[in-house]
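Trainee: Based on the hints, put chain S in the right spot on chain B.
Listed below are the residues making up each chain.
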Amino acid sequence: MASVRLAGVEKTYPNGHVAARGIELEIADGEFMVLVGPSGCGKSTALRMIAGLETPTAGRVLIGERDVTALPPQERDIAMVFQSYALYPHMTVRENLSFGLRMRGVARPVIGERVENAARALGLEAVLERKPGQLSGGQRQRVALGRAMVRDPKVFLFDEPLSNLDAKLRVETRAELARLHRRLKATIVYVTHDQEEALTLGGRVAVMRDGNVEQVAPPMEVYRRPASVFVAGFVGSPAMNLLPGDVRPDGTWTGPGGLVLPLAGPRGGADVPARMTLGVRPHDVAIILPGAGDATARVDVVEPRGSELLVHLRLGADGEGGELRVVAPPEQAIAVDTAVGVRLDRDRLHWFDEPTGRRLE
Amino acid sequence: MTPRSRWGTVALGLLVLATAFPFYWAIVSSFTPEARLFERPSLLPTALVLDHYRALFTERDFWVPIRNSLVVAGATTAICVTIGGLCAYALARLRFRGKAPLLGLILAVSVFPQISVVSPLYLLLRRLHLINTYPGLILPYLTFAMPLTVWLLVGFFRQLPAELEEAAMVDGASRLRALREVILPLALPGLAATAILTFVYSWNEFLFALSFTLGPERQTVPVAIALFRGQYQVPWGQILAAAIVATAPVAVLVLAFQRRIVQGLTAGAVKG
Numbered sequence: 003m004a005s006v007r008l009a010g011v012e013k014t015y016p017n018g019h020v021a022a023r024g025i026e027l028e029i030a031d032g033e034f035m036v037l038v039g040p041s042g043c044g045k046s047t048a049l050r051m052i053a054g055l056e057t058p059t060a061g062r063v064l065i066g067e068r069d070v071t072a073l074p075p076q077e078r079d080i081a082m083v084f085q086s087y088a089l090y091p092h093m094t095v096r097e098n099l100s101f102g103l104r105m106r107g108v109a110r111p112v113i114g115e116r117v118e119n120a121a122r123a124l125g126l127e128a129v130l131e132r133k134p135g136q137l138s139g140g141q142r143q144r145v146a147l148g149r150a151m152v153r154d155p156k157v158f159l160f161d162e163p164l165s166n167l168d169a170k171l172r173v174e175t176r177a178e179l180a181r182l183h184r185r186l187k188a189t190i191v192y193v194t195h196d197q198e199e200a201l202t203l204g205g206r207v208a209v210m211r212d213g214n215v216e217q218v219a220p221p222m223e224v225y226r227r228p229a230s231v232f233v234a235g236f237v238g239s240p241a242m243n244l245l246p247g248d249v250r251p252d253g254t255w256t257g258p259g260g261l262v263l264p265l266a267g268p269r270g271g272a273d274v275p276a277r278m279t280l281g282v283r284p285h286d287v288a289i290i291l292p293g294a295g296d297a298t299a300r301v302d303v304v305e306p307r308g309s310e311l312l313v314h315l316r317l318g319a320d321g322e323g324g325e326l327r328v329v330a331p332p333e334q335a336i337a338v339d340t341a342v343g344v345r346l347d348r349d350r351l352h353w354f355d356e357p358t359g360r361r362l363e
Numbered sequence: 032m033t034p035r036s037r038w039g040t041v042a043l044g045l046l047v048l049a050t051a052f053p054f055y056w057a058i059v060s061s062f063t064p065e066a067r068l069f070e071r072p073s074l075l076p077t078a079l080v081l082d083h084y085r086a087l088f089t090e091r092d093f094w095v096p097i098r099n100s101l102v103v104a105g106a107t108t109a110i111c112v113t114i115g116g117l118c119a120y121a122l123a124r125l126r127f128r129g130k131a132p133l134l135g136l137i138l139a140v141s142v143f144p145q146i147s148v149v150s151p152l153y154l155l156l157r158r159l160h161l162i163n164t165y166p167g168l169i170l171p172y173l174t175f176a177m178p179l180t181v182w183l184l185v186g187f188f189r190q191l192p193a194e195l196e197e198a199a200m201v202d203g204a205s206r207l208r209a210l211r212e213v214i215l216p217l218a219l220p221g222l223a224a225t226a227i228l229t230f231v232y233s234w235n236e237f238l239f240a241l242s243f244t245l246g247p248e249r250q251t252v253p254v255a256i257a258l259f260r261g262q263y264q265v266p267w268g269q270i271l272a273a274a275i276v277a278t279a280p281v282a283v284l285v286l287a288f289q290r291r292i293v294q295g296l297t298a299g300a301v302k303g
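Heads up: the sequence lines are chains B and S, in that order. To convert a position in the first sequence, counted from 1, into the working numbering, add 2. To convert a position in the second sequence, counted from 1, into the working numbering, add 31.
Isolated chain B, as found in the complex:
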């Protein structure tokens, strides 16, 4: 096992598309690092540069202490699980699993033993002589996993490995991956666009956007203290409310729909920006009687979600102040198109600078 480091890695494709703008990322030995972000944020490119399938236009890639920037994939001692699994369709499961070992000239008896072990660990013994076309989606996924496992590589790379599975299997496999990581103590770099997957799996999560890493932190910290407006809006479901507003000379913040909050403590100082975005999670807003609380709003839509209600409000007495999503307890009676009051949990407010979008403490 080994650590991985991306040092100032940039990638510009020949067509001018910039996929990475100076990525700095350190992944410790044995760490489960998840790269997450919307499509086109450069997470897959970053993974492919670690694999050696793409060459950075600038910067260095290190695996362990070794600079592998210029090395082709076959000399990097990494294993990768592809989104499509990329199983060799003309080979049996056994041949698929042993391919990497055969390519590296491992002795025949050793190959046999390692393949048997991997097959046993993944429950694939019964299908060893079948071809990928005869397997179910879940089995294919496990073969792809096994192909990486038998190799005992320095780093495992996963490119959205769960996106082709149905919801139930995805949750099962997610748990299996977590167990696998605990057992192998392997360095894993895992790419996904699913923020929930990122939070549940990651030892640390790197949230990427537009070729940059916006924040690298343990999942709960990314959730509790998002470093930017983008991270705040991307992580968490339902998404955080982001309300733009102005700072008044009297030290209050005025948002949409007559929402006014005092900027307590150090935020009242001289270095407060003129415009700030307020972030508040739907769970941190309470719906109360009209006239009370921080602002008035009208109920737009109520979505029952089983364990809770997701309520879409429109801020302001006339409902012209923009949308506010609130999670309410399922037993609360909320009638559509009535006026309500909202109260924001003062301890759970997030402030962001405008226009930079950086978090303000």
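Just so you know, the hints here were simulated from the structure itself, not pulled from any lab data. Possibly wrong hints are sitting among the right ones.
Unchecked claim - Label-pair restraints from in silico Cβ distances: (1) S:235 <-> B:112: 50 to 56 Å; (2) S:113 <-> B:62: 35 to 41 Å; (3) B:132 <-> S:147: 31 to 37 Å; (4) B:348 <-> S:193: 51 to 57 Å; (5) S:121 <-> B:112: 34 to 40 Å; (6) S:237 <-> B:107: 48 to 54 Å; (7) S:95 <-> B:94: 45 to 51 Å; (8) S:174 <-> B:174: 55 to 61 Å; (9) B:169 <-> S:121: 41 to 47 Å; (10) S:131 <-> B:24: 27 to 33 Å.
Beta carbons: idealized from backbone N, C-alpha and C, even for Gly.
Mentor: Then chain S, alone, in the frame of chain B:
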């Protein structure tokens, strides 16, 4: 059966009949004695003889043009599929500048009418002392067959997911090894289809073969058949027998690989 599908069956039957009849007629005629060929024609053979076939291989030594055709078509096919395959792989997979113009250029080579290049090619081959030699036919054939091969195979390679090679390379295979162990086995239907098309094309080619050979020792089958007709008579029986002999290997080849050809030509049309 619904009325519509019944009419479809009838139409299909007629089409098959119209296509197959000339072949049937040629086969029947090739077994009919020369004297009876121009009598009242009958659909069913009245007397079957092997005269024409015997004459073909004893009087005319038809083995020579067959051997020539096999050598020329075989070599053309082998070279085409090997070099064309590598070329197509590079064009389908590697990133380099000027790929699109290159593909266009390759296609452009094949759009010249054959007749327009016969004279310059003849002069060129004479200068190289290649008239009436096997290379003198194989090289010109390559110029026509190679673009076809490259275009067919580029399309075929492009349909194979790039992730397979990437997986092979991550697994420790070099690019050439990945090509050999992963891509080639998967590309086999496409390669087979391309090879057969190239072979059939070279086997049937007439104009170049007529122009660039001088005597029977290097003439290919189509040329030999065309030159059967003497000054005073046309030996129809022998011509038809020769046509059957010339068509048989191709027909056998196509029938044997029929499934693969269809697979190759339609691969990727449906995901599977």
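Trainee: A separate judgement is required for each hint: does it hold in the structure or not?
Mentor: Against the structure, the hints:
1. S:235 <-> B:112: 50 to 56 Å: Between residue 235 of chain S and residue 112 of chain B, where Cβ atoms are some 54 Å apart, the hint holds.
2. S:113 <-> B:62: 35 to 41 Å: Between residue 113 of chain S and residue 62 of chain B, where Cβ atoms are some 40 Å apart, the hint holds.
3. B:132 <-> S:147: 31 to 37 Å: Violated, since residue 132 of chain B and residue 147 of chain S (Cβ atoms, about 55 Å apart) do not stay within the stated range.
4. B:348 <-> S:193: 51 to 57 Å: holds, 53 Å
5. S:121 <-> B:112: 34 to 40 Å: holds, 36 Å
6. S:237 <-> B:107: 48 to 54 Å: For residue 107 of chain B against residue 237 of chain S, whose Cβ atoms are near 52 Å apart, the range 48 to 54 Å holds.
7. S:95 <-> B:94: 45 to 51 Å: holds, 48 Å
8. S:174 <-> B:174: 55 to 61 Å: Between residue 174 of chain S and residue 174 of chain B, where Cβ atoms are some 58 Å apart, the hint holds.
9. B:169 <-> S:121: 41 to 47 Å: For residue 121 of chain S against residue 169 of chain B, whose Cβ atoms are near 42 Å apart, the range 41 to 47 Å holds.
10. S:131 <-> B:24: 27 to 33 Å: holds, 32 Å
In this structure, only the earlier hint numbered 3 is contradicted, and the remaining ones agree with it.
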